[in-house]
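Join these two chains into a complex; the hints should help.
As they're listed, the protein sequences go chains S and B. Per our numbering, the first sequence starts with residue 496, numbered consecutively. Per our numbering, the second sequence starts with residue 88, numbered consecutively.
Rather than coming from a laboratory, the hints here were simulated on the basis of the structure. Every residue, glycine too, gets a C-beta built ideally from N, C-alpha and C. One or more of the hints may lead you astray.
[As the list claims (entries may be wrong)] Only pairs whose alpha carbons sit at most 35 Å apart, straight line, appear in this in silico DSBU-like list of lysine-lysine: (1) K551(S) / K123(B); (2) K123(B) / K154(B); (3) K154(B) / K106(B); (4) K551(S) / K131(B); (5) K154(B) / K554(S); (6) K565(S) / K554(S); (7) K139(B) / K128(B); (8) K127(B) / K154(B); (9) K158(B) / K128(B); (10) K158(B) / K127(B); (11) K552(S) / K154(B); (12) K552(S) / K131(B); (13) K128(B) / K154(B); (14) K551(S) / K158(B); (15) K127(B) / K551(S); (16) K158(B) / K552(S); (17) K565(S) / K552(S); (18) K139(B) / K123(B); (19) K131(B) / K565(S); (20) K106(B) / K552(S); (21) K552(S) / K123(B); (22) K565(S) / K106(B); (23) K154(B) / K131(B).
[Unchecked claim] Selected chain B positions facing chain S (Cβ under 7 Å, derived; list incomplete): (24) Y97; (25) L114; (26) K128; (27) F151; (28) H189; (29) E190; (30) P195.
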Amino acid sequence: TQLLEQSPQFLSIQEGENLTVYCNSSSVFSSLQWYRQEPGEGPVLLVTVVTGGEVKKLKRLTFQFGDARKDSSLHITAAQPGDTGLYLCAGVSATGNQFYFGTGTSLTVIP
Amino acid sequence: DTAVSQTPKYLVTQMGNDKSIKCEQNLGHDTMYWYKQDSKKFLKIMFSYNNKELIINETVPNRFSPKSPDKAHLNLHINSLELGDSAVYFCASSLTGGRDFHEQYFGPGTRLTVT
Numbered sequence: 496t497q498l499l500e501q502s503p504q505f506l507s508i509q510e511g512e513n514l515t516v517y518c519n520s521s522s523v524f525s526s527l528q529w530y531r532q533e534p535g536e537g538p539v540l541l542v543t544v545v546t547g548g549e550v551k552k553l554k555r556l557t558f559q560f561g562d563a564r565k566d567s568s569l570h571i572t573a574a575q576p577g578d579t580g581l582y583l584c585a586g587v588s589a590t591g592n593q594f595y596f597g598t599g600t601s602l603t604v605i606p
Numbered sequence: 088d089t090a091v092s093q094t095p096k097y098l099v100t101q102m103g104n105d106k107s108i109k110c111e112q113n114l115g116h117d118t119m120y121w122y123k124q125d126s127k128k129f130l131k132i133m134f135s136y137n138n139k140e141l142i143i144n145e146t147v148p149n150r151f152s153p154k155s156p157d158k159a160h161l162n163l164h165i166n167s168l169e170l171g172d173s174a175v176y177f178c179a180s181s182l183t184g185g186r187d188f189h190e191q192y193f194g195p196g197t198r199l200t201v202t
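Extracted from the complex, chain B is given alone in its bound form (with noise of 0.2 Å):
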């Protein structure tokens, strides 16, 4: 039972091209986040999501496009990759609120190489 899913979990894809990441958590939880890992480790929030609205916007390029269909899910679609892009993506859930609130669950992430 996998709390925090995501796909795929590798991708490589060449510079231009257009690529999404797809994520879903069946924890109940109300916000979900993606993150950025660079290749010194460092966490990087981009998106936060709560009840499908948008929340959080970090300073992200605009090639990058978040979609919540429902509040169980939130898809990355990125236009126009280019080298830069290549780190691991991790999507988060968690509970808006109260003591837990921000106490995150990860999915596996996805590592996206740019060729």
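Here chain S stands alone, though its shape is the one from the complex (with noise of 0.2 Å):
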């Protein structure tokens, strides 16, 4: 059983379409973040939220951390072929000396 568990585990969509993937947890964390990695490639990282309940965005990205720091999503709006690639949570624990990376959604937008 992973810390973090990310759904779906695979997406395929046609261009121009929402989707959003979940991060979720039993375990509070003190903050969280979101990474794309695409394939040959180290994942780079989008976006950090530390608030509950916090929302940021990034051009079409919308993120959310979850009122009680447990979970998170991410929402794409008209997806873009260069959407396409694997999107990682990771949390920093509650005590701030553990880190750990979700099990990954691996997206796949279609032109």
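Next comes the structure, spelled out in structure tokens:
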């Protein structure tokens, strides 16, 4: 059992569609990050959310941290082929000394 | 200007050999990490070094030995390579403390194939 479970594991959609990726845990995190990894490259940090209920927007991407700081979501509006990649959430433990990656969501946007 | 660099990018070797992967960061970060990404794309932390001192050592066979000559470099040496060691290994770095705590910057990865 992984500490941070992401769903769905795989997602294939048409260009222009909207989608939401979820990152869930039974543990509380002091902060949570989202990364995107493209094939053959390392993950790249997209955003960090710190406050429960916080919403951050990055162009067509909207990130939300759950009120209880146990979960997060990533919503993409009007997906583009360039959004294709592996999306990873990662949490910093409440004590601040542990760091965990989620199980990952592989997104494919078909032109 | 590469922030976190790793060499080599690809490494193909036979079982039983010893190999090293090098990592360097020019971001001025004080913490560096090694991760292993398996075939299912799960990223698992192996080691974390803060200012040249080991602070995280997850359950990793002692055939894996990290070495940090200074806070900008963290190398990974692997002895007696096994088939199960085949994976992509990522180096990363971050600042310790403050709001940016644990925001990680990754290298491009080293794809290790053991035959």
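Each hint, compared with the structure:
{"no.": "1", "hint": "K551(S) / K123(B)", "in the structure": "holds, 29 Å"}
{"no.": "2", "hint": "K123(B) / K154(B)", "in the structure": "holds, 16 Å"}
{"no.": "3", "hint": "K154(B) / K106(B)", "in the structure": "holds, 13 Å"}
{"no.": "4", "hint": "K551(S) / K131(B)", "in the structure": "holds, 27 Å"}
{"no.": "5", "hint": "K154(B) / K554(S)", "in the structure": "violated, 40 Å"}
{"no.": "6", "hint": "K565(S) / K554(S)", "in the structure": "holds, 25 Å"}
{"no.": "7", "hint": "K139(B) / K128(B)", "in the structure": "holds, 28 Å"}
{"no.": "8", "hint": "K127(B) / K154(B)", "in the structure": "holds, 28 Å"}
{"no.": "9", "hint": "K158(B) / K128(B)", "in the structure": "holds, 28 Å"}
{"no.": "10", "hint": "K158(B) / K127(B)", "in the structure": "holds, 31 Å"}
{"no.": "11", "hint": "K552(S) / K154(B)", "in the structure": "violated, 39 Å"}
{"no.": "12", "hint": "K552(S) / K131(B)", "in the structure": "holds, 28 Å"}
{"no.": "13", "hint": "K128(B) / K154(B)", "in the structure": "holds, 25 Å"}
{"no.": "14", "hint": "K551(S) / K158(B)", "in the structure": "holds, 33 Å"}
{"no.": "15", "hint": "K127(B) / K551(S)", "in the structure": "holds, 29 Å"}
{"no.": "16", "hint": "K158(B) / K552(S)", "in the structure": "holds, 34 Å"}
{"no.": "17", "hint": "K565(S) / K552(S)", "in the structure": "holds, 20 Å"}
{"no.": "18", "hint": "K139(B) / K123(B)", "in the structure": "holds, 20 Å"}
{"no.": "19", "hint": "K131(B) / K565(S)", "in the structure": "holds, 20 Å"}
{"no.": "20", "hint": "K106(B) / K552(S)", "in the structure": "violated, 43 Å"}
{"no.": "21", "hint": "K552(S) / K123(B)", "in the structure": "holds, 30 Å"}
{"no.": "22", "hint": "K565(S) / K106(B)", "in the structure": "violated, 40 Å"}
{"no.": "23", "hint": "K154(B) / K131(B)", "in the structure": "holds, 19 Å"}
{"no.": "24", "hint": "Y97", "in the structure": "violated, 10 Å"}
{"no.": "25", "hint": "L114", "in the structure": "violated, 12 Å"}
{"no.": "26", "hint": "K128", "in the structure": "holds, 5 Å"}
{"no.": "27", "hint": "F151", "in the structure": "violated, 19 Å"}
{"no.": "28", "hint": "H189", "in the structure": "holds, 5 Å"}
{"no.": "29", "hint": "E190", "in the structure": "holds, 6 Å"}
{"no.": "30", "hint": "P195", "in the structure": "holds, 6 Å"}
Consistency note: the structure conflicts with the earlier hints numbered 5, 11, 20, 22, 24, 25, 27.
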